[in-house]
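Once you have looked at the hints, place chain B on chain A.
Here the protein sequences line up with chains A and B, keeping their order. Its first residue numbered 1, the first sequence is counted upward by one per residue in UniProt numbering. Its first residue numbered 1, the second sequence is counted upward by one per residue in UniProt numbering.
Since the hints were derived computationally from the structure, they do not count as laboratory data. Note that the Cβ used here is the ideal one computed from N, Cα and C, for glycine as well. A portion of the hints provided could be inaccurate.
Computed footprint of chain B on chain A, listed as stretches where at least three residues anywhere in the stretch have a Cβ under 8 angstroms from a Cβ of chain B [said to hold, decoys possible]:
(1) 8-18
(2) 200-206
Partner residues aside, some chain A positions facing chain B, computed with beta carbon under 8 angstroms [as the list claims (entries may be wrong)]:
(3) Ala49
(4) Pro155
(5) Ala194
Computed beta-carbon distance windows for the label pairs [what the hints assert, rightly or not]:
(6) Arg168(A) with Ala212(B): 28 to 34 angstroms
(7) Arg100(B) with Asp156(A): 48 to 54 angstroms
(8) Ala195(B) with Glu106(A): 41 to 47 angstroms
(9) Ser37(A) with Glu103(B): 44 to 50 angstroms
(10) Arg100(A) with Val247(B): 19 to 25 angstroms
(11) Ala134(A) with Met246(B): 26 to 32 angstroms
(12) Arg111(A) with Ala33(B): 34 to 40 angstroms
(13) Pro94(A) with Gln235(B): 36 to 42 angstroms
There are 2 protein chains.
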Amino acid sequence: MSGEETVTAAVLVIGDEILSGRTPDRNINYIAAHMTSIGIRLREVRVVADDEREIVDAVNALRARYTYLITTGGIGPTHDDITADAIAKALGVPIDHDPRAVELLEAYFVRRGVTSTPARMRMARIPHGAELIANPVSVAPGFMIDNVIVLAGVPDVMQVMLDDVTARLRTGAKMLTETIKLSRPEGDVADLFAAHQQAFPDVAMGSYPSFADGRISTQLVLRSTDSEMLERARQGLMAQLNSRGMV
Amino acid sequence: MSGEETVTAAVLVIGDEILSGRTPDRNINYIAAHMTSIGIRLREVRVVADDEREIVDAVNALRARYTYLITTGGIGPTHDDITADAIAKALGVPIDHDPRAVELLEAYFVRRGVTSTPARMRMARIPHGAELIANPVSVAPGFMIDNVIVLAGVPDVMQVMLDDVTARLRTGAKMLTETIKLSRPEGDVADLFAAHQQAFPDVAMGSYPSFADGRISTQLVLRSTDSEMLERARQGLMAQLNSRGMV
Numbered sequence: 001m002s003g004e005e006t007v008t009a010a011v012l013v014i015g016d017e018i019l020s021g022r023t024p025d026r027n028i029n030y031i032a033a034h035m036t037s038i039g040i041r042l043r044e045v046r047v048v049a050d051d052e053r054e055i056v057d058a059v060n061a062l063r064a065r066y067t068y069l070i071t072t073g074g075i076g077p078t079h080d081d082i083t084a085d086a087i088a089k090a091l092g093v094p095i096d097h098d099p100r101a102v103e104l105l106e107a108y109f110v111r112r113g114v115t116s117t118p119a120r121m122r123m124a125r126i127p128h129g130a131e132l133i134a135n136p137v138s139v140a141p142g143f144m145i146d147n148v149i150v151l152a153g154v155p156d157v158m159q160v161m162l163d164d165v166t167a168r169l170r171t172g173a174k175m176l177t178e179t180i181k182l183s184r185p186e187g188d189v190a191d192l193f194a195a196h197q198q199a200f201p202d203v204a205m206g207s208y209p210s211f212a213d214g215r216i217s218t219q220l221v222l223r224s225t226d227s228e229m230l231e232r233a234r235q236g237l238m239a240q241l242n243s244r245g246m247v
Numbered sequence: 001m002s003g004e005e006t007v008t009a010a011v012l013v014i015g016d017e018i019l020s021g022r023t024p025d026r027n028i029n030y031i032a033a034h035m036t037s038i039g040i041r042l043r044e045v046r047v048v049a050d051d052e053r054e055i056v057d058a059v060n061a062l063r064a065r066y067t068y069l070i071t072t073g074g075i076g077p078t079h080d081d082i083t084a085d086a087i088a089k090a091l092g093v094p095i096d097h098d099p100r101a102v103e104l105l106e107a108y109f110v111r112r113g114v115t116s117t118p119a120r121m122r123m124a125r126i127p128h129g130a131e132l133i134a135n136p137v138s139v140a141p142g143f144m145i146d147n148v149i150v151l152a153g154v155p156d157v158m159q160v161m162l163d164d165v166t167a168r169l170r171t172g173a174k175m176l177t178e179t180i181k182l183s184r185p186e187g188d189v190a191d192l193f194a195a196h197q198q199a200f201p202d203v204a205m206g207s208y209p210s211f212a213d214g215r216i217s218t219q220l221v222l223r224s225t226d227s228e229m230l231e232r233a234r235q236g237l238m239a240q241l242n243s244r245g246m247v
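Just chain A, with the same shape it has in the complex (with noise of 0.2 angstroms):
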């Protein structure tokens, strides 16, 4: 399923929690780092509350622009939970129990030992039309509609479900990396950096600076599909830092 176009996907995480600072977001990054190792270029991220209005505004803003959009968070069974509701308004189709999902509660109850109240039963509504996404972890699914793909909020659930829809996705051509590493501060390299970004306009160039362990280190990053142009793009660079001694 893996080709030359460029398969774009942004992330709408939910979740009243992450707005007021009280969790830190994991997901964000576990996503990015997953859509980039498997080819997809993931563009934009937003966070927005348990609201329905967000919800079903960001949902069709970023369902149109990208060939993906993953959401994550409130699936869950209390009232705070509104997002596969908010997910079928955006896309304009009814949502009930899916039998599928009935099954799958019920029998993980049983085996448990817990009542199924109404409340536990709210994680079968899916909106018609779509897929489940298994939860080897909680049961609960997720699922994906048209090219909206809806996951868990709490991290090692939302993981699972990445895993079991990623075989389900178009994927592009996996963009490649290569870092070189100064003991200097960015602005050593600034210059020489920029006239090499203007040699490679088809490569991405970004330096990134840190301060670990009271050392000033950079790292500069070059990100291409096309490994003999990255390759190419790499050893310029390596050669000029090395004429000016810096590496």
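Structure of chain B alone, referenced to chain A:
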């Protein structure tokens, strides 16, 4: 400067390295918690690439919707640091070397014994009409123009800049929080909690599960700017949980 109005904010994280998954963002959570502590409601976060069009569009959308927009990233010395120019473009103002910033940077370079190069002096380019935000860590200033607050991406630097600019911000009524911890899954209390939300529609109520140490637990979080209403909601919820033997 605090009052009873609702003061809102959005955060715009600018950086290819966040979208590629190379670097986990640490600023969203820090800023979110800081906003909560000073009574500003963070309503939305976006992450975009180091791309002028993307930055301009996001800046214009967000600065119109909220009291403040805080951006992080892209104000360093390298060619991929394009935030200051993009902000000037979005606001339709000129940008060039600001004498105040030039003075700060030149003095810093002299102290450090490094050359003042064109690349380094890019960090003195500030949109016309902006006020500077001090950077005691690495000197290159942030800035604030209209309701747009432009900070560094490096977390340590961002945090000191945020501290510096806080005194200039209007703040609102502080959101107060009460948390009740249960050693039970969310599903056990979801119906009770939903009914309690109906009883106290002006108190935000959210339920957050966790699976730490192999044990399922849930935190019920109540939030309100009205301390008296919050306490009544908390007491009412505790009474119900007690009567069902859940705490």
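*asked:* Hint compliance check: list the failing hint numbers for this structure, sorted ascending.
replied: 4, 8, 10
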